[in-house]
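> Given the sequences, and given the hints that come with them, work out the whole structure.
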Amino acid sequence: MSPNTPDTATHTPRHFRPPASPSLNLGVIGNCAISALVDAQGDIVWWCLPRFDGDPVFNALLQPGEAGSRFAIELENQVAAEQWYEPNTAVLRTRLTDSAGATIEITDFAPRFQAHGRYFRPTMLVRKVRSVRGAPRIRVRLRLRFEWGEVAPTITRGSNHVRFVGPNAALRLNTDAPISYVLEEQPFVLLREQHFLLGADESLASPIGETARHFEQETVAYWRQWTRSLSIPLEWQQAVIRAAITLKLSLYEETGAIVAAMTTSIPESPDSGRNWDYRYCWLRDAFFVVRALNSLSETGTMEDYLRWLSNVVMEATTGHVQPLFGIGLESQLPESFVPHLQGYRGMGPVRVGNQAAEHFQYDVYGNIVLGAAQAFHDERLMRMGGRAEFRYLERMGDQAVRVYGQPDAGMWELRTRARVHTSSALMSWAACDRLAKIAQRLELPDRALHWRTHADRMQAEILEKSWSPKRQAFAESFGGNELDASVLLMCEVGLIDPADPRFVSTVDAMEATLCDGPFMRRYEAADDFGKPETSFNICTFWRINALARIGRTAQAREIFEAMLAVRNPLGLLSEDTHATTHEMWGNFPQTYSMVGVINAAICLSAPWEKVI
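Using the numbering used here, read the sequence shown as starting at 106 and increasing by one per residue.
Misleading hints may appear alongside valid ones.
In silico DSSO-like cross-links for lysine-lysine, where the CA-CA straight-line distance does not exceed 30 Å [said to hold, decoys possible]:
| # | residue 1 | residue 2 |
| --- | --- | --- |
| 1 | K715 | K636 |
| 2 | K636 | K542 |
| 3 | K542 | K575 |
Simulated DEER-style distance windows between Cβ atoms [claimed, not checked]:
| # | residue 1 | residue 2 | range |
| --- | --- | --- | --- |
| 4 | A185 | E298 | 51 to 61 Å |
| 5 | R318 | S285 | 37 to 47 Å |
| 6 | P439 | A275 | 19 to 29 Å |
| 7 | R450 | D605 | 42 to 52 Å |
| 8 | A185 | R246 | 35 to 45 Å |
| 9 | Q511 | E548 | 54 to 64 Å |
| 10 | S285 | R485 | 53 to 63 Å |
FYI, nobody ran anything at the bench for these hints, they're computed from the structure.
C-beta atoms are modelled at their ideal positions from N, C-alpha and C, and glycine is treated no differently.
Printed below as a string of structure tokens:
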């Protein structure tokens with residue numbers, strides 16, 4: 106056949122797939138310093154540098170089509186893809202198969218393991234691609250952008266590396282694949298295992314393949330050892346382990362902050378404009394993360410978080426604490442827009458920063474005390490809380506007393522409406538209740554009495570003023586009549602006995618008003634953007650726990666199974682679920698939602714004694 110003769114019908118046409126449409130069918134990889142999101146085809150579509158809240162050098166999640174920056178390893182004539190995590194690790198594998206049956210396997214991870222007495226967690230992603238079957242032909246497309254996609258890098262090459270230089274950062278790809286093929290996006294036959302180490306502009310101390318294999322071996326060993334230390338329930342073990350690893354990956358270990366999610370601007374529902382930046386540390390969300398991991402006997406994250414939290418408390422000299430901070434303790438997080446990015450599936454705007462940092466949300470003081478409380482009771486910790494720490498924590502209690510019963514933006518961060526929210530008053534009570542218990546532990550009877558007196562007064566008032574005779578339920582605000590799932594936290598934090606007829610009646614009222622089948626919305630009232638269209642996953646999990654506590658275990662298990670069924674194929678959840686389509690919406694992966702998986706499994710699982 107001459108070079109110009111076209112392929113006949115006996116030959117398969119050669120083509121490579123176009124970029125996949127953005128979805129939340131994603132895996133997360135990370136090392137508690139950086140994180141990245143990998144789509145179902147094995148493309149890295151989101152990676153922020155130098156931290157979780159930084160510049161997304163891969164932004165295809167928010168910029169559909171060829172304009173988005175991504176790191177793709179494509180298989181010619183691909184017809185199938187499957188993906189899984191190496192069991193009990195944060196190492197992701199993607200297997201692609203072509204029309205002739207040839208198969209490749211891509212391995213993705215961020216190195217994390219102990220070396221020289223500390224955790225080695227470099228700014229680096231490692232990719233390995235190998236042929237599993239046949240003679241596959243691949244194409245590498247590494248398209249980086251800087252400054253939120255506005256700046257193309259200056260590219261320089263060496264014998265085994267490529268440098269990508271931007272205005273404020275430089276990255277280096279060390280690879281044993283042909284550099285010319287990588288830079289020119291030239292397809293080539295995969296004859297041997299190829300490695301791609303993308304990270305800081307630094308040379309490697311050992312050969313590329315040897316380094317990648319060592320990093321993979323040590324990272325797998327680290328995560329398996331970490332999961333072995335978890336105290337997990339008998340049932341739903343894989344769901345719990347995946348949730349726990351995901352929560353661990355949300356820790357920014359350098360400071361101890363815990364981000365609410367890895368992404369910004371994934372809308373809560375289609376074309377809703379509810380696009381927020383969640384790459385910061387909310388004191389509320391972080392408390393629930395710490396509490397969930399503590400329930401699995403994983404106290405290391407709590408100890409890291411308490412380092413961060415102690416700085417928040419120490420800096421609160423006026424008493425006021427904002428509800429969220431940057432992961433480096435930044436207090437100013439002004440919102441801005443990135444107009445040149447289209448947004449998720451073209452649904453802008455893309456926001457950077459979060460105005461909620463300026464809000465007054467009075468549940469924050471209870472969340473601080475709740476987040477720190479275990480440190481005064483848990484003798485496993487390297488450093489338990491003592492009287493000095495208690496004195497600082499009491500300042501948070503003083504502020505909880507001061508703001509109790511005052512209007513605020515509430516835990517749902519309403520921007521145009523202030524009320525005396527039941528959930529905020531509840532957390533003021535929780536602050537006083539836990540401080541009383543800490544004081545008793547520290548043998549400070551006068552302080553225990555002081556805080557118990559405040560707690561008892563608040564408890565009686567909350568149960569009276571939030572009760573709506575009209576709705577036969579606890580309402581979202583004092584004197585109000587509207588329902589809000591956050592009042593289910595009354596049982597969660599111990600304000601009320603779950604068997605109390607008023608709480609049971611509240612659950613019944615919410616099921617009739619806020620639930621679409623197994624899924625639960627946050628509230629019934631319209632907010633700044635109208636009425637919510639999707640269910641809020643953590644609310645569904647609060648409902649599950651409430652049902653279990655009032656004895657409706659079979660119903661709770663049924664709803665829990667429904668929630669497990671709407672996770673993505675890798676076992677991850679975003680913030681919201683569409684009750685009809687079951688599609689995931691909102692920022693991803695959402696720590697609140699993964700917390701719910703752990704809490705529900707622990708609450709509902711049969712005991713280990715049943716089988717051993």
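> Given the hinted pair K636 and K542, is their alpha-carbon gap at most 30 Å?
Distance of about 40 Å is beyond 30 Å: violated.
> Does the Cβ pair P439, A275 satisfy 19 to 29 Å?
Once the Cβ atoms are compared, 27 Å apart, the range 19 to 29 Å for A275 and P439 holds.
> Within 35 to 45 Å: is that where the Cβ-Cβ distance between A185 and R246 falls?
20 Å, violated
> Within 42 to 52 Å or not, the Cβ separation of R450 and D605?
45 Å, holds
> That 37 to 47 Å hint for R318 and S285 (C-beta), does it hold up?
The hinted range 37 to 47 Å is violated for R318 and S285, with Cβ atoms some 24 Å apart.
> Is the hinted range of 53 to 63 Å satisfied by the C-beta distance from S285 to R485?
About 55 Å separates the Cβ atoms of S285 and R485, which means 53 to 63 Å holds.
> Has the hinted range 51 to 61 Å been met by the Cβ atoms of A185 and E298?
The hinted range 51 to 61 Å is violated for A185 and E298, with Cβ atoms some 21 Å apart.
> Cβ-Cβ distance between Q511 and E548: within 54 to 64 Å?
With a Cβ separation near 33 Å, Q511 and E548 fall outside 54 to 64 Å, so the hint is violated.
> Holds or violated: are the alpha carbons of K542 and K575 at most 30 Å from each other?
36 Å, violated
> Can the restraint linking K715 and K636 be considered satisfied, given a maximum Cα separation of 30 Å?
Violated - the C-alpha atoms of K636 and K715 are around 45 Å apart, more than 30 Å.
The structure is inconsistent with the numbered hints 1, 2, 3, 4, 5, 8 and 9, although it conforms to all the rest.
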